[in-house]
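Q: Sequence:
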Amino acid sequence: MVSPRSMTNSGRAQEEEAPASSSDVRTMLLELQKKLDELEKRHAEEIAALKEEKTKMKRKLEEVGQDCSKGPSLKTPRKFATSKNADMSRHCRYHREYGHETEECVALKDKIEELIQAGHLREFVQRGGHGGEGHKRLVESRRTVEDDSDDRTNSRQRRATRDKDAISSDSRGQSILSQPARMYKSQSFCRRDTDVLSVPFLAIYESLIPPEEEKKKEKQVLALLEKLVRKEWPAAKLHLYGPRANSFGFSKSDIDVCVAIEEGGLRKAKIIRKLADILRSDNLENVQALTGARVPIVKLMDPVTGISCNICINKLLALVNTKLLRDYALIDPRLRQLAFIIKHWAKSRRVNETYHRTLSSYAYVLMCIHYLQMRRPAILPCLQEMETTYSVTVDDINCAFFDKVEKLRDFGRHNKETIAQLVRGFFHYWAYCHDYANSVISVRTGSIISKREKDWIRGIDNDRHLICIEDPFETSHDLGRVVDEYTIKVLREEFERAAEIMQNDPNPCIKLFKLYVPS
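Last residue of the sequence shown? That's 519 in full-length UniProt numbering, and every number before it is there in order.
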């Protein structure tokens with residue numbers, strides 16, 4: 001039996017579930033259509049207002065958008081992280097839709113309009129972008145930039161071709177040791193007959209030292225260049241730097257010259273071109289202005305002395321680097337002996353060419369200095385950690401170190417290792433002991449520092465940080481940054497090969513310096 005209350009509830013449920021009448025539905029639809037019409041009208045008004053909106057330069061935004069769409073340079077930009085203080089209301093619709101979250105474009109636009117309103121660009125604007133002498137200077141500047149860009153592009157293309165050719169013809173880097181094998185090898189003892197091997201190593205070293213006659217020719221070339229340069233820049237000073245000046249240069253190697261002049265606001269590339277024109281006026285040969293290089297230089301050859309020369313402008317930090325290396329060389333003769341032998345090995349095995357993504361001669365010299373600093377007992381001190389007796393600021397870099405090296409001639413007397421033992425130890429360290437994943441060698445501190453401390457954990461662009469060698473003054477500069485994923489394997493395989501030869505070969509000098517010929 002159904003109670004009256006249950007019947008009442010059932011009736012209410014049926015009443016709630018009953019469909020609305022046709023008149024109610026019609027009313028709802030009319031109201032909805034009315035709202036849609038209002039939204040469309042409001043949207044049309046916003047579009048019309050947007051088309052009439054103008055910039056500070058009294059130009060319609062619609063016209064600006066049309067001009068941009070016609071240009072070839074409008075592309076979807078890369079995404080950037082939004083700064084915490086970013087004003088999101090300043091982003092235009094295009095950037096909001098494509099996620100370009102940076103205010104750089106807005107800031108640039110505002111700055112240009114500010115300059116125009118202040119009258120700084122009045123001449124250019126009034127003449128429709130053709131501002132007389134200003135326009136000529138602009139065109140000349142553009143041509144210079146385009147020329148430099150072409151030089152850099154051609155340089156990159158040549159380098160890419162060289163890299164491709166080198167990789168295709170180089171069969172090395174296929175079989176470096178595993179970490180357990182490296183750990184096992186690192187425990188190997190030094191061979192007992194290492195002492196007798198010093199004689200052939202010293203003979204090789206002696207054969208690589210430039211004779212006194214070459215030093216006289218260097219001075220002759222330097223005097224000629226100074227005479228020519230001072231015709232244009234009377235106050236110019238020429239300084240020898242690099243391997244031939246720091247005592248680590250081979251016989252018959254190029255000389256590096258730094259011209260110290262007042263640039264007078266001119267770009268280095270323009271000065272280099274002018275310098276090349278001056279030098280061509282004499283009987284110098286093969287004069288080339290390389291403005292697309294990282295450091296623009298003039299290359300030339302003096303036919304009288306047969307010396308080739310590289311000339312740069314105001315590379316003053318290189319002069320301080322030269323002094324530091326020369327001072328280290330004066331402390332203990334074993335540094336120069338070791339560096340010459342390692343450089344000779346690197347050239348013979350074709351792992352001494354930065355344009356082939358291997359290490360520079362400068363990098364190898366720093367590796368040798370650091371190795372001798374780390375010997376126990378140490379053979380070399382850390383000059384930058386000692387009392388400062390020489391200090392100079394170059395390009396906002398404070399270069400300070402101890403240069404009274406005549407007081408340090410006996411620093412390494414407690415270490416009795418011979419040159420053969422040091423060569424063997426150098427290759428042993430780089431083959432089996434160095435932590436490539438985490439370590440940076442630092443001549444500046446005379447120690448190993450971590451990649452994390454330098455923030456060199458992750459490579460950026462072409463800087464991969466696979467073998468890390470800190471520059472003693474430009475401490476953000478990793479001299480091993482050029483080495484890539486392929487050439488690091490080649491380097492490590494060559495270190496392992498050299499270590500194996502030094503450990504087991506009865507006459508290591510023959511095989512160690514065997515010229516590598518790509519297959």
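No lab work stands behind these hints, which were simulated from the structure alone. Just so you know, these numbers come straight off a predicted model, no measurement behind them. Some hints could be false.
The list that follows gives simulated cross-link-like pairs (lysine to any residue, SDA-like), each with its CA atoms no further than 25 Å apart [said to hold, decoys possible]:
#1 Lys268 <-> Ile397
#2 Lys451 <-> Asp471
#3 Lys227 <-> Tyr362
#4 Lys185 <-> Gly306
#5 Lys227 <-> Ser178
#6 Lys323 <-> Pro200
#7 Lys217 <-> Ile176
#8 Lys416 <-> Lys274
#9 Lys231 <-> Lys185
#10 Lys227 <-> Arg280
#11 Lys454 <-> Ser360
#12 Lys299 <-> Tyr432
#13 Lys274 <-> Arg326
#14 Lys227 <-> Ile313
#15 Lys217 <-> Ser188
#16 Lys268 <-> Asp282
#17 Lys217 <-> His434
#18 Lys347 <-> Ser308
#19 Lys219 <-> Leu319
#20 Lys219 <-> Gly265
#21 Lys489 <-> His434
#22 Lys323 <-> Pro381
#23 Lys323 <-> Glu214
#24 Lys323 <-> Pro210
#25 Lys252 <-> Ile176
#26 Lys299 <-> Asp327
#27 Lys185 <-> Asp471
#28 Lys215 <-> Thr194
#29 Lys299 <-> Pro381
#30 Lys227 <-> Ile278
#31 Lys489 <-> Tyr432
#32 Lys217 <-> Ser178
#33 Lys231 <-> Arg280
#34 Lys216 <-> Ala293
#35 Lys347 <-> Ile176
#36 Lys252 <-> Leu208
Q: Verify the proposed pairing of Lys323 with Pro381, using a straight-line Cα cut of 25 Å.
A: The given pair, whose Cα atoms are some 16 Å apart, holds under the 25 Å limit.
Q: Are the Cα positions of Lys268 and Asp282 separated by 25 Å at most?
A: holds (22 Å)
Q: Assess, step by step, whether the Cα of Lys299 is no farther than 25 Å from the Cα of Asp327, and give holds or violated.
A: The given pair, whose Cα atoms are some 28 Å apart, is violated under the 25 Å limit.
Q: Are the Cα positions of Lys219 and Leu319 separated by 25 Å at most?
A: holds (17 Å)
Q: Has the given pair, Lys489 with Tyr432, been kept, meaning a C-alpha gap of at most 25 Å?
A: Holds - the C-alpha atoms of Tyr432 and Lys489 are around 13 Å apart, at most 25 Å.
Q: Is the Cα-Cα distance between Lys227 and Ser178 25 Å or less?
A: Given pair Lys227, Ser178 is violated - Cα atoms ~58 Å apart, limit 25 Å.
Q: Does Lys185 sit within 25 Å of Lys231, going by the straight-line distance between their CA atoms?
A: violated (61 Å)
Q: With the threshold set at 25 Å, check whether the alpha-carbon distance from Lys323 to Glu214 stays at or below it.
A: holds (20 Å)
Q: Need the status of pair Lys489, His434: alpha-carbon distance at most 25 Å?
A: holds (14 Å)
Q: Below or equal to 25 Å on CA atoms is what counts here, so check Lys323 against Pro200.
A: Answer violated: Lys323 to Pro200 is near 30 Å, above 25 Å.
Q: Below or equal to 25 Å on CA atoms is what counts here, so check Lys185 against Asp471.
A: violated (30 Å)
Q: CA of Lys217 to CA of His434, is that 25 Å or under?
A: It is violated: about 41 Å lies between the C-alpha atoms, which goes past 25 Å.
Checked against the numbered hints listed earlier, the structure breaks hints 3, 4, 5, 6, 7, 8, 9, 12, 13, 15, 17, 20, 25, 26, 27, 28, 29, 32, 34; every other hint is satisfied.
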